[in-house]
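Chain order of the listed sequences is A and B.
Residue numbering for the first sequence follows the working numbering, beginning at 415 and increasing consecutively.
Residue numbering for the second sequence follows the working numbering, beginning at 415 and increasing consecutively.
In short, the hints are calculated from the structure, not lab data.
Please note: incorrect hints may appear among the correct ones.
Stated by the list, open to error - Partial list, computed: chain A residues near chain B (C-beta under 8 Å): (1) Y483; (2) A489; (3) P492; (4) V963.
Claimed, not checked - Listed next, the stretches of chain B that the computed footprint assigns to chain A, with coverage defined by at least 3 CB atoms under 8 Å from CB atoms of chain A: (5) 431-437; (6) 480-489; (7) 521-535.
Model, not experiment: these values are computed from the prediction.
The C-beta atom is built at its ideal place from N, Cα and C for all residues, glycine as well.
Protein chains: 2
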Amino acid sequence: MVTRLSHFFLRTLREDPADAEVTSHRLLVRAGYIRRQAPGVFAWLPLGLKVKAKIEGIIRDEMSNAGAYEVHFPALLPREPYEITGRWEEYGDGIFRLKDRKGADYLLAPTHEEVFTLLVKDLYSSYKDLPLSIYQIQDKYRDEARPRAGLLRGREFTMKDAYSFDYTDEGLDASYQAQRDAYERIFARLGLEFVIVQADAGAMGGSRSEEFLHPTAIGEDTFVRSAGGYAANVEAFTTVVPDSIPLEGLPAPVIFDSPNTPTIATLVAHSNAHLDAPADSVAGPATTGATEWSAAHTLKNVVLALTHLDGSRELVVVGIPGDRDIDDKRVEVAFAPAEVEQATEADFEKHPLLVKGYIGPWSPTGAVLGEESATGIRFLLDPRVVDGTAWITGANVDQKHVHSLVAGRDFFGDGFVEAASVRAGDPAPDGSGEVELARGMEIGHVFQLGRKYAEALGLKVLDENGKLVTVTMGSYGIGVTRILANIAELNNDAKGLIWPASVAPFDVHVVAAGRDGVVFEVAEQLSAELEASGLDVLYDDRPKVSPGVKFGDAELVGVPQIVIVGRGATDGQVELWDRRTGDREVVAVAEAIARLRA
Amino acid sequence: MVTRLSHFFLRTLREDPADAEVTSHRLLVRAGYIRRQAPGVFAWLPLGLKVKAKIEGIIRDEMSNAGAYEVHFPALLPREPYEITGRWEEYGDGIFRLKDRKGADYLLAPTHEEVFTLLVKDLYSSYKDLPLSIYQIQDKYRDEARPRAGLLRGREFTMKDAYSFDYTDEGLDASYQAQRDAYERIFARLGLEFVIVQADAGAMGGSRSEEFLHPTAIGEDTFVRSAGGYAANVEAFTTVVPDSIPLEGLPAPVIFDSPNTPTIATLVAHSNAHLDAPADSVAGPATTGATEWSAAHTLKNVVLALTHLDGSRELVVVGIPGDRDIDDKRVEVAFAPAEVEQATEADFEKHPLLVKGYIGPWSPTGAVLGEESATGIRFLLDPRVVDGTAWITGANVDQKHVHSLVAGRDFFGDGFVEAASVRAGDPAPDGSGEVELARGMEIGHVFQLGRKYAEALGLKVLDENGKLVTVTMGSYGIGVTRILANIAELNNDAKGLIWPASVAPFDVHVVAAGRDGVVFEVAEQLSAELEASGLDVLYDDRPKVSPGVKFGDAELVGVPQIVIVGRGATDGQVELWDRRTGDREVVAVAEAIARLRA
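My request is simple: use the sequences and hints to build the entire structure.
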């Protein structure tokens, strides 16, 4: 049935929504695809729902090709399974919790590992039942602190989440690869450029994890890539550890007065003014050959406060080269599931050995941080602080620093941590050259969970030898609504949206442009014939709307193929208008139909 | 792609689920369609999801034929719109409420009138935009006190809810009729018998309301119908009011001792033992000609306690003929949105004028109930208590009753109320004869809301004369998951489910029954050919499962057409098995394919 604009539920807006920060949000609202209901919560109007259904159709198709079966879980789930795996607590403020009339705890699920695991446990008992991949396309909820960018970071969003179940590691690898391949096909069909980056697997207890990032300047994720093919998000980037330096013959540490130098910049200036120029032997590899002191010669000791799941607070000092900063995302992953913040004044007051601005691992009276620490506070080092590197750093005495302080001789950490920022030019860990930084938006995630959930929830099967073995799982997510927004973000111009044919809300947009009866007669018949040949037609039959307004609406709505039925209608001619290229061509009605069908 | 049972996510169960009260629940769980997650909350397994999708497809199709457009609202909605219409309070414990991290109130919407109204208000402004009908198919939530019967009364359930918008009453009638017609087509296509009954429209402030009930013994709703075509649920049934009786010449009231007669039964026995037999003139029309006193001669005065929305408690006395009871559903509707319960001992203690067991509208010292009441408590009468009817009722004195007490002469109510039970044999209000009572399950509801929501939320449009007029609305619901359960309830036998072809999860179920290679070869090829011709095939290719188990599973799962590929395969013969009739017929493979395609 031809959809008539005179009756269709669509109103385009002239004004951008006041809260729209990004193009996709602005255009999807203006063109009548979505409408805000609450912060980060949207209603889908008919156009938006049609595009969403097409994306879901492509995903279903490729999930089926990957041998996965569709199921559907409730959004409202009881607390118990999430309690067992510890996620009820871990989610913190990030989820919506509620109670039923009897006081029982529920959540609106942000992801479904637990209940998929329990479902399979419920029904399966033998290795013969495996492998299994099942998925759902479902509305999920996260109570984002700052919902923003329209559909790109909402509090209600649609995801495809798949879960695989195997009883061997090789099986998991194969299931993982099948989903990964399906994702590549899905994004190719959606015309959505992507980079597969290594992601941190640790927080969820798994072994292998990759993200599909759509490279875009409005992306929330920073990732690094090398010309040689390495790609990872910054959380997963691992520092290349330099060789250690023989300790023999290195100069002894020297304490020096450094009044009013609580920052790296003031310390460097002071050092250049008062110390001898650096010798090759007094600094780490990164600074070899330097003729002046720089931030890279200094060791910056940052005090972080961790809040553990049990509510306890722990101070940790992280020593990183002074020319880098603590990276919030890397540090979050490094210390997960604890929450991390900068230490407060109150923390410093409780620990008088930590002399703010002059903190170091060593003091004239002994080790303040690290092995045999006087504070009892853990001291973790950047992986670049290898044995033999020498540093200018705090002397744990107000207004005093120390230089030629050598790691592995004068001080020791309690371990290493990936906390420092990654920079363009850093070497890729796989030896494929220097990395560059780029921004991307996560559109998919494949994840080898391993046995964490199966272990916690008791999902075991009998193997070939009749022995109970714990199942190993994968988890695979695609953000349906986020993909839709990304496609919109990528396919538009100043006039409006330009959908790829595979997800366009209609195949053809027919515009009756004129007031003559013949215009409407021809447009009517053309629309009917196109629809009869299997195309989905939006027909702008509004009788009293000017051609200019109709063209503007067509451009805003963004159906890729437009047909204008105007003055030429009397001669049996119409105009084919390619929304993407802007090309317009006058052809006979019959030819227009033939070309649109093709 | 042929779905292979060796790999498909399906496990049938031998045992009935312990909590299953009804057939549909028992079979849908055992046959692997659904799985319980929490009380009244289910996960959908692949088979169940396929049936659900088919039902939704039929509904979408007919909604489109009715000119309605699909949209989709979030389940998570902010409090404000529901606050404005008063429903945030009215829902009481019946909905799930929650707060976000900022403390703002949200609900999981049980129905969406408010936000549909606001959406149209947002986008529409002129009568030219109307009529409009929009709908969604969406997961809804109600915090049922006692979720039960599987999908029939769940806490999460799928509904199609449509809303119409018009600016004239005639427009609303037409929109209502279009949805009503679509419902008739939908239920016909689903093979689901239905009765359209008048429903109470009052509670939602509307004018016309009808329910589509599926007649079934496990139905929760009682409805009445007459041979002449009247049908209504008991809440909507209106009593036929008898003619009043001239007061002239009626005997005067007489107080009599009635020790130990606090119940109707004891009072009737006492009256027959101690009073003269009833004369025609001393009772209402229902009892004319009686030779003995019966419960119908008595007026039973029941004290109810209403809890109003503002929390205040009000006592009300309802006077009904003693041969009827207070009907909980009718009384609930009659006093909505107040909650109704029986008065407690504490209530009686506060009102010493109400002498329990001997309450009446009149006492020797004056009116206790009704106009000029001494108690201040409202006294509402059954519509049958018309002027001139005479009653035996309490005298407001312990151990005393009064007879020949005449309505409209000796006592007066403060109004009438439809609170008494409906009985088989009662006259239908439309004069179409006596009614009978039957049980049904609500599967659809069409409702003229009128202007209540548009008024509350300010949805107005400019009419032809440039005048702002308030829009009038309709609301139309179909319970998708409830329909599915009803179809299952209606289509089964001792062996399992038997789906109608229109909603069956697969078109054909092919069973390879045997161990010979040729059995699997023929079954394989047959399945592929059927699938290639557009049929959706479930192929039981499990290599080590006995034919008996496979047949049992086929019967349980309930695909209507089964093909058995067994010993005859060597001769190119297979067996067609009609799941519903049980008929089995041996035919050549080619003929099997031809017949299944047809």
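So, going through the hints one by one against the coordinates:
Below 8 Å, beta-carbon pairs count as interface contacts, and Y483 (chain A) has one with chain B at about 4 Å; its hint therefore holds. Interface hint status for A489 (chain A): upheld, as the beta-carbon distance to the closest one in chain B is roughly 7 Å, under 8 Å. Because the closest C-beta pair between P492 (chain A) and chain B is about 4 Å apart, less than 8 Å, the hint holds. Here the hint on V963 (chain A) is broken, as its CB sits about 15 Å from the closest CB of chain B, past 8 Å.
Remark: the segment 431-437 of chain B is not confirmed as covered by chain A, as 0 of its residues place a Cβ nearer than 8 Å to a Cβ of that chain, below the required three. Given a C-beta distance limit of less than 8 Å, the hint that chain A covers the segment 480-489 of chain B holds, as 8 residues qualify and 3 suffice. With a threshold of 8 Å between beta carbons, the proposed coverage of the segment 521-535 of chain B by chain A holds, since 3 of its residues qualify and at least three are required.
Hint compliance for this structure: hints 4, 5 are broken, all remaining hints hold.
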